[in-house]
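Asks: Now for the letters of each chain:
Protein chains: 2
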Amino acid sequence: MSENNGKQFINGQRVAANAPTIESINATDYQPTGYLFSQATLDEVDQAAQAAYQAFLKYQHTTQQQRADFLDEIAIQIENLGSKLQEVAAQETGLPLVRLQGETGRVTGQLRLFAELLRRGDFYGARIDTALPERKPLPRVDLRQYKIGVGPVAVFGASNFPLAFSTAGGDTVAALAAGCSVVFKAHSGHMATAELVAQAIEKAILNSGIPSGTFNMIFGSRVGANLVEHPLIQAAGFTGSLEGGMALFNLAQNRPQPIPFFAEMSSVNPVIVMPEALNARGEKVAQDTVASFNMGCGQFCTKPGLIIGIKSPAFDQFVTALIDTTRTAVPQIMLNQGTLKSYQQGIDALLNEQGFKCIASGQAPELISQAQPHLFQADQSVLLSGNPKLQHEVFGPMSIVIAVDDEATLLNGLEKLAGQLTATIIADESDLPQAKELLNLLTRKAGRVLFNGFPTGVEVSDAMVHGGPFPATSDSRGTSVGTGAIERFLRPVCYQNTSQVLLPDVLKDGNPLHITRLVNGVLTQN
Amino acid sequence: MSENNGKQFINGQRVAANAPTIESINATDYQPTGYLFSQATLDEVDQAAQAAYQAFLKYQHTTQQQRADFLDEIAIQIENLGSKLQEVAAQETGLPLVRLQGETGRVTGQLRLFAELLRRGDFYGARIDTALPERKPLPRVDLRQYKIGVGPVAVFGASNFPLAFSTAGGDTVAALAAGCSVVFKAHSGHMATAELVAQAIEKAILNSGIPSGTFNMIFGSRVGANLVEHPLIQAAGFTGSLEGGMALFNLAQNRPQPIPFFAEMSSVNPVIVMPEALNARGEKVAQDTVASFNMGCGQFCTKPGLIIGIKSPAFDQFVTALIDTTRTAVPQIMLNQGTLKSYQQGIDALLNEQGFKCIASGQAPELISQAQPHLFQADQSVLLSGNPKLQHEVFGPMSIVIAVDDEATLLNGLEKLAGQLTATIIADESDLPQAKELLNLLTRKAGRVLFNGFPTGVEVSDAMVHGGPFPATSDSRGTSVGTGAIERFLRPVCYQNTSQVLLPDVLKDGNPLHITRLVNGVLTQN
Chain B
-18 MSENNGKQFI
-8 NGQRVAANAP
2 TIESINATDY
12 QPTGYLFSQA
22 TLDEVDQAAQ
32 AAYQAFLKYQ
42 HTTQQQRADF
52 LDEIAIQIEN
62 LGSKLQEVAA
72 QETGLPLVRL
82 QGETGRVTGQ
92 LRLFAELLRR
102 GDFYGARIDT
112 ALPERKPLPR
122 VDLRQYKIGV
132 GPVAVFGASN
142 FPLAFSTAGG
152 DTVAALAAGC
162 SVVFKAHSGH
172 MATAELVAQA
182 IEKAILNSGI
192 PSGTFNMIFG
202 SRVGANLVEH
212 PLIQAAGFTG
222 SLEGGMALFN
232 LAQNRPQPIP
242 FFAEMSSVNP
252 VIVMPEALNA
262 RGEKVAQDTV
272 ASFNMGCGQF
282 CTKPGLIIGI
292 KSPAFDQFVT
302 ALIDTTRTAV
312 PQIMLNQGTL
322 KSYQQGIDAL
332 LNEQGFKCIA
342 SGQAPELISQ
352 AQPHLFQADQ
362 SVLLSGNPKL
372 QHEVFGPMSI
382 VIAVDDEATL
392 LNGLEKLAGQ
402 LTATIIADES
412 DLPQAKELLN
422 LLTRKAGRVL
432 FNGFPTGVEV
442 SDAMVHGGPF
452 PATSDSRGTS
462 VGTGAIERFL
472 RPVCYQNTSQ
482 VLLPDVLKDG
492 NPLHITRLVN
502 GVLTQN
Chain U
-18 MSENNGKQFI
-8 NGQRVAANAP
2 TIESINATDY
12 QPTGYLFSQA
22 TLDEVDQAAQ
32 AAYQAFLKYQ
42 HTTQQQRADF
52 LDEIAIQIEN
62 LGSKLQEVAA
72 QETGLPLVRL
82 QGETGRVTGQ
92 LRLFAELLRR
102 GDFYGARIDT
112 ALPERKPLPR
122 VDLRQYKIGV
132 GPVAVFGASN
142 FPLAFSTAGG
152 DTVAALAAGC
162 SVVFKAHSGH
172 MATAELVAQA
182 IEKAILNSGI
192 PSGTFNMIFG
202 SRVGANLVEH
212 PLIQAAGFTG
222 SLEGGMALFN
232 LAQNRPQPIP
242 FFAEMSSVNP
252 VIVMPEALNA
262 RGEKVAQDTV
272 ASFNMGCGQF
282 CTKPGLIIGI
292 KSPAFDQFVT
302 ALIDTTRTAV
312 PQIMLNQGTL
322 KSYQQGIDAL
332 LNEQGFKCIA
342 SGQAPELISQ
352 AQPHLFQADQ
362 SVLLSGNPKL
372 QHEVFGPMSI
382 VIAVDDEATL
392 LNGLEKLAGQ
402 LTATIIADES
412 DLPQAKELLN
422 LLTRKAGRVL
432 FNGFPTGVEV
442 SDAMVHGGPF
452 PATSDSRGTS
462 VGTGAIERFL
472 RPVCYQNTSQ
482 VLLPDVLKDG
492 NPLHITRLVN
502 GVLTQN
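The listed protein sequences correspond, in order, to chains B and U.
Residues in the first sequence are numbered from -18 upward in steps of one, following the working numbering.
Residues in the second sequence are numbered from -18 upward in steps of one, following the working numbering.
Keep in mind that the hints were calculated from the coordinates and are not lab data.
Careful, some of the hints might be misleading.
The list cannot tell twin chains apart, which means a pair is met if one copy fits it or any two copies do.
Within a straight-line C-alpha distance of at most 20 Å, the following computed SDA-like cross-link-like pairs (lysine to any residue) qualify [stated by the list, open to error]:
id	residue 1	residue 2
1	K417	L483
2	K39	R425
3	K265	T301
4	K65	A345
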């Protein structure tokens, strides 16, 4: 790290009024890693927001090509960090190096996908209604609409994806692609990782000739709230707990000027196993299910926390296989001490709750930082009564299996679930005739419905939705993964009877950007 | 009116536990029109929301063609109401028959435009990323996204457009097009008008075979709050005052499950007159400006309430022409007694505020229900200090003119303005080189920027934006006029590895609906 280690990133400078006293902690042994950070002052939060606003005034006028090149350059600079990035991230989060290598690829892939999106140009949503001077009873004026960035965006790093949902993660990329500047609040769980990535972004800013305050980063506790309340911040993206998300959401809505606050929060991601699939391959499904809820130590927003099927001998065998596989599951290091404590509290709460019982546990932890996998079984009454304990996300390597009497009970029970990021149906061809009503129900409940896979893989692509009805997110109309994520930070503006000289290229006659536009009700590249 | 006059419209039935005691009032003489309405009970609000929810479960699965036909049928049924509709609306609102005839055309045109939008199919935002089983290091699954309705929507009628922003107005049509059911809260200022239009919608529901609870309407005070707090309501559209809008917005955000609440509220719609335009045609601009702020008795959300130019002899002449024209302006009937009272309070507040003076008044009212037009002049200090009185919308036939020292002062002053629905630049060709920075500034402030026209004409088309930064609306990402209005009530859902048998037609291989879709990053109709 440089001599500036631990200072805020503001307007291309490193700034810190406070001494560096916040310690980066090793996730494995809870000892300091040696990296220290300064708590941002209120004045520094203000400086960061001001810098973002001043940069926005220029950055919003960059061309789509300039922004695409900038995102590509960030990807290169992140690659240039080399293995140091994964090593530091592994220290701070306890995640395995191979996972962090994959996550780095996801970050750079995501940056390049958004660059493609920018070059494609349909994110502008360009619409042109040309003048109809002869129309009766009234002539029509010339109207041209496109989408522009809402302004400076506050982004909150998630603990569980120190790269892909953090400093240069999905929300940051979506905001930068939209033409918005960013103030990023570094997560306390991986500040040194954030520092490295921020340095890469700063280099990309310099290399690309982008305004220096386009990206800013602050460290510290409570500064997130200050940031959300800052009048120059115009939107925010968050990934984290329901409690944390709603606290910030409420601040955002209760400002003198409310702002869009997209929080991705809580989901138990039900998996429904259909009878014929269980008959055909129950044991394999059980193994894959256990692998999915243990993947990344169960620290995925899309971890399948609820497994439901209809009572049958095949389902009993499936549960037996879940138990057997869970018992072989190895303990893994959790992201930090707080996360492990929350996990253990969540497990204890279920152990003490009527209708739930722990039916299998994985191997015992060998390190103080490891979590033991657990499998619970719950009565169907817990589902049918809408018991909030069932719907409370326990972040970590556990899941709950429920057998229901019949299909009607299954549908009744699922109807009681709150909004979800994902819902999964494990089905064979012969199950499909029974799956239609189930699919309709789950479509109302979730942002993504998947068949014969597990929700823990979240592809970054145009068609992905990582969102869903509350409490999965604070606004079901958004996604935080995939190119659709840009929509959260765009607003439409309409120019009426505006001279060609003054119009942006995207709306000019002759379509100089060669993008698809809706012209007089017809999608065209002309 | 039928014998059921005054009861709630719930699930295709007329229901009222309370006696009809709320009077419809004639806007001209403040006497009862004779139509009486029943205050909805809390139980009736619940019945309406339940009916909307049950209908949504079916209505959401109607095809785009079925919904398009339904909207067309509503237009026909509204036309079938004949001149009775405008006569009743004229009684209740004091608006001239010819205006209400035009507004009826706007309503039916809007319904048919949304039917076109549905048939075009791009509102689905269909995106397909096909599986890449050979991709390294990980295969890609098949992902298909489209947009679906968020659920039952609460819609609030606006006082100033008893047809176009009311029962079958922009918000209702956008929600119905999105596949959402509606509970409409009738505005107390035109309940008999609302009753007629609701009857037309009910006929269209019957004729089109649409589920009976797809549209519901309730009467009464405070029921709007009950509606927004009802757990089955999933979004809301509102047009009205800042106070009313924010009260409901706060309820919507503080529910256990917050919901999107799109409120179109407050805007002073600045008009900037450029030097060369004034030199060339100052007197004509003055006449048109006065006509615009008096149109519809100044009761448009887009009324130009602020006129700004740079000091010059031509600007002085322009102000003189504004004064002369204002003095000839005739008084018109306001929508209701409350609106007139608010207008007079707004005028009184300006008369008592330092920095403002009334420089012209129109002809004196002859009826108790008429408003007198007024023109104010304000010091530039009022603009530069961001005086909230200047930014407070005074709903009615008035405007404020300000002369500023120079272009820099103009830009500084405009920077102090809050968000606007519209901003207007009156410019000649030779003004355009100076207009670029102004345009950039106004683009940040407004949802629509227009040249050489007046904002009071709001075309209903694909490219229109009737929205803008707070407090113009509660969310700058939406529009309540034009086909873009549908976006507010749609959310994306993604199907992963889903069988062709179960996929909706919009996402099937072979594109059976022949719509434009984004397939593997390419917009195509294949």
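Asks: Each hint: holds or not?
Replies: Status of the hints after comparison with the structure:
In this assembly of identical chains, the alpha carbons of K417 and L483 lie at most 20 Å apart only when taken from different copies (6 Å versus 52 Å within one copy). In this assembly of identical chains, the alpha carbons of K39 and R425 lie at most 20 Å apart only when taken from different copies (12 Å versus 41 Å within one copy). For the identical chains of this complex, K265 and T301 are intra-copy neighbours only, at 12 Å inside a copy versus 85 Å across copies, given an alpha-carbon limit of 20 Å. For the homomeric pair K65 and A345, neither the shortest alpha-carbon distance inside one copy (31 Å) nor that between copies (79 Å) is at most 20 Å.
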